[in-house]
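Hints given; two lone chains; assemble the complex.
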Amino acid sequence: MQDEESLMRRAQRRDPEAFTQLYEAYFDKIYRYITIRIGNEMEAEDMTQQVFLKALRSIPSFRWRGISPSAWLFRIAHNQVVDYLRRKAKRVTVPIDKLPPSVSDDNPQLMAEQRQDIEQIALASQQLTQAQREVISLRFAGELSVAEVSKVMGRSQGAVKALQHSAIVALRRVLSVTEP
Amino acid sequence: MKTSKRFDNILNECLERLLGGETIEQCLQSYPEQAVELEPLLRTALAAKQASTIQPRAEFKVRARYQFQSALQEMESKRGRRFFGWQSAWATAVTVILILLLLGGGTVAAAGNSMPDEALYPVKLATEQVRLTLTPSALGRAQLYARLADKRVVEIAYMASKGDPQRVEMVAQRLDTHLARIATLAAAQREKARVMLAPPPAVERAGEDAKVLAPTPAPERAREAPESLPADSRAKLRVLVMDYAKNHPERLRAVLKSAPESVKPALRRAIRASEAGYERALKSIEDTENNRSPRD
Chain H
1 MQDEESLMRR
11 AQRRDPEAFT
21 QLYEAYFDKI
31 YRYITIRIGN
41 EMEAEDMTQQ
51 VFLKALRSIP
61 SFRWRGISPS
71 AWLFRIAHNQ
81 VVDYLRRKAK
91 RVTVPIDKLP
101 PSVSDDNPQL
111 MAEQRQDIEQ
121 IALASQQLTQ
131 AQREVISLRF
141 AGELSVAEVS
151 KVMGRSQGAV
161 KALQHSAIVA
171 LRRVLSVTEP
Chain Y
181 MKTSKRFDNI
191 LNECLERLLG
201 GETIEQCLQS
211 YPEQAVELEP
221 LLRTALAAKQ
231 ASTIQPRAEF
241 KVRARYQFQS
251 ALQEMESKRG
261 RRFFGWQSAW
271 ATAVTVILIL
281 LLLGGGTVAA
291 AGNSMPDEAL
301 YPVKLATEQV
311 RLTLTPSALG
321 RAQLYARLAD
331 KRVVEIAYMA
341 SKGDPQRVEM
351 VAQRLDTHLA
361 RIATLAAAQR
371 EKARVMLAPP
381 PAVERAGEDA
391 KVLAPTPAPE
401 RAREAPESLP
411 ADSRAKLRVL
421 VMDYAKNHPE
431 RLRAVLKSAP
441 ESVKPALRRA
451 IRASEAGYER
461 ALKSIEDTEN
471 NRSPRD
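Protein chains in written order, with this note's numbering: chain H, 1 to 180; chain Y, 181 to 476.
The shape of chain Y in the complex, shown without the other chains (with noise of 0.2 Å):
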């Protein structure tokens, strides 16, 4: 037993110093008699080492350090908000509603179709901004994310068809975001059930690990009232989802079908941000209705 606990002593002091730099020839001569027992498996942890030095692709690491630094700087602008609250959220609605009256009626009902490349494209992102500030159930936002994602999956569609790499991968990022609040939007519907039926913990959960579960953000928790029919419109809300995890990469792929060839690679990615996007919603959302944490 002590032999044992000795040679793995040794290995990992050669394993140390074979990553330092070392040559598996200086770690054998440092233990002569152990060297027949040793050489094979610090060439087979050599060999395993080299094989784990994987690098992560050049497009993927721009494209996660893209949303990293969005999701720091979302962060960020929420921590400076968080003073008002729902105060502040509702000030902005009121402000963005005032100056769509401004503009008019017929303005606002124009920029409900409009494109990204287009004038009013601005107009009719605010005005999404104030139908989710307006609707108060986490449900709804999420049904709504949800159809802003269809009209997202459109104008892709458009971008690509015009041959615009950049606006397609804009518009892909809101698609992506869009799909990510729908399962924080599930999660939080979870979370509050389980505030609402669980009694309160005598013992804190011991480890990191319990940490490591990251509750909801507290903005979106905070405006959450109360369902009339969350079982209803939880329902309402898979099969809206999976109806469109299925229609929506099957449209897009059918679109890289055609598109000219410098807009594929941007479509590729929506492509697979959408399959992935809406698979995290489903299983949210299947959490949600199954009432159990993702690590359940």
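This is chain H alone, in the form it adopts within the complex (with noise of 0.2 Å):
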């Protein structure tokens, strides 16, 4: 991808290769974290749409302060995926394993395959704290440097590495468990 920040400032201009770029980019990367924070792949997509939609509306707000377009998106997936917590909380919500199989997937073996592992890391990070989960997700799905990481959580990079170290023996720990 060309400079960022100098494609920041013609998507502000209301560029719409700039635009279309960014979410080239970036989709598939936000879909991914979604899923892994949610567990739930039909409300990832919707998500995954919401985020786009509104990095549209807030883009003229966006200041370049040294956060990177990836690290700005990755926040408002942030803030979606607190927002749906949040509201899971409150409502039963089908689980994954419950959920109708996709519609017109051509590899039906490779989709089954694809929601297992789903399944099992999004059941695995359930074990891990919020923190944990979320260094997790933006790492390994989101694949953000540890610069990136540290400016959407907000915390400094030797902190993101710590918790990093304590995600990653956390996750051994439950997968070991689960393992047959």
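Honestly, the hints are just simulated from the structure, not real lab data. Remember, predicted model here, so these are calculated numbers, not experimental data. A portion of the hints provided could be inaccurate.
Listed next, the stretches of chain Y that the computed footprint assigns to chain H, with coverage defined by at least 3 CB atoms under 8 Å from CB atoms of chain H [stated by the list, open to error]:
1. 190 to 204
2. 233 to 243
3. 452 to 465
By construction, the Cβ of each residue, glycine as well, lies at the ideal position given by its N, Cα and C atoms.
Here you go:
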């Protein structure tokens, strides 16, 4: 991708091409991050769309203060996730294994395996603290660097590294217990 | 403490290298003293990384890209119209009314029941636009959008029965837009109430979080007229939307049972869009009634 700062400036001037570049560069990553955070693909689809629509509306107020476009977008996604989890706590939801299968999937076996992977990682990550889950999702699903994660989470890079360490230790403990 | 910090750095460096394509063994060779502790963590991280490489469904990506591009285009056209603002909206309404008058009252009445595959359908859509433009209050427009959503559901059912997936898709997109508008208009009410009730902020909220909460698009707010009985209107809107939120997905699911196979994927998408759209709309209305922002 071209220089991120100039891309954001073009997007702020409502250049559709710049918006589209941002969208294409981050869409899959944002979707993965949300799916891992909430463990529900259908909700994740809806929320991913909302992230980009919200970004479109709020880009005029974006200020370049060393925050990269990716950190900015993931912060919007983070807010969506927080809002969703808060609402979810107030109502009963359908667990991932009770969801209807996705329609018109070309490869049902692959989809089933993918669903299993999502379920496993989502279940395992439920045993982690919110902050640990956040760092794992941002690092592995969102593919953000430690520096970018620190911007999204508002923590120092040292704190993110420590959190990353404790999250992997916790994840290992959970996965080794659940493995046959 | 220092040792732990050093290990955090080593772990992070190895993770970066793994993500860059190196193997676990290559990392361990660089840090033989930490290898015993590092190896299981790197294997767990690699497993987590592999499990996280989920790909969005192709059809979802197509739909999402379409919606994003539509929003982008809408933003562009609004920007172009902003110079004229209200005058432009009224000028459009007057133009459409003149055309409708030329077509004659009978034509307009007949268009009211037309379906998407019929010649008078564009007249029906134009008439709806005029009604929206001439409805001054945000809650009034939200109610109108809810009633239009009801019409869209009838049209989806009709096009599904005729085995026309393209038109089912097209009308479903309109339904989705109507429901999004209800949520936006309810949010506009909430913002308005906040502005009226809240004292001017002494300090700007720190951080980008505040900026992420995008205000409702200016054109919707600018058009807003005072509500005579806002609480009553809100309650009416909530009852209407709650009724449709239950009724519309049910009706579409009933259609799905007897629909031709060719339209079933489009119908399922319409059902999902209506469920999600109504959930958002209801959430926005409830938030407005409780006078709270979505993140409160």
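Here's how the hints hold up against the structure:
Look at the stretch 190 to 204 of chain Y against chain H: 5 of its residues bring a Cβ nearer than 8 Å to a Cβ of that chain, three or more, so the hint holds. Residues of the stretch 233 to 243 of chain Y lying with their CB closer than 8 Å to a CB of chain H number 9, which satisfies the three-residue condition for coverage. Judged by the Cβ-Cβ criterion of 8 Å, the stretch 452 to 465 of chain Y is covered by chain H as claimed, because 3 of its residues qualify and three suffice.
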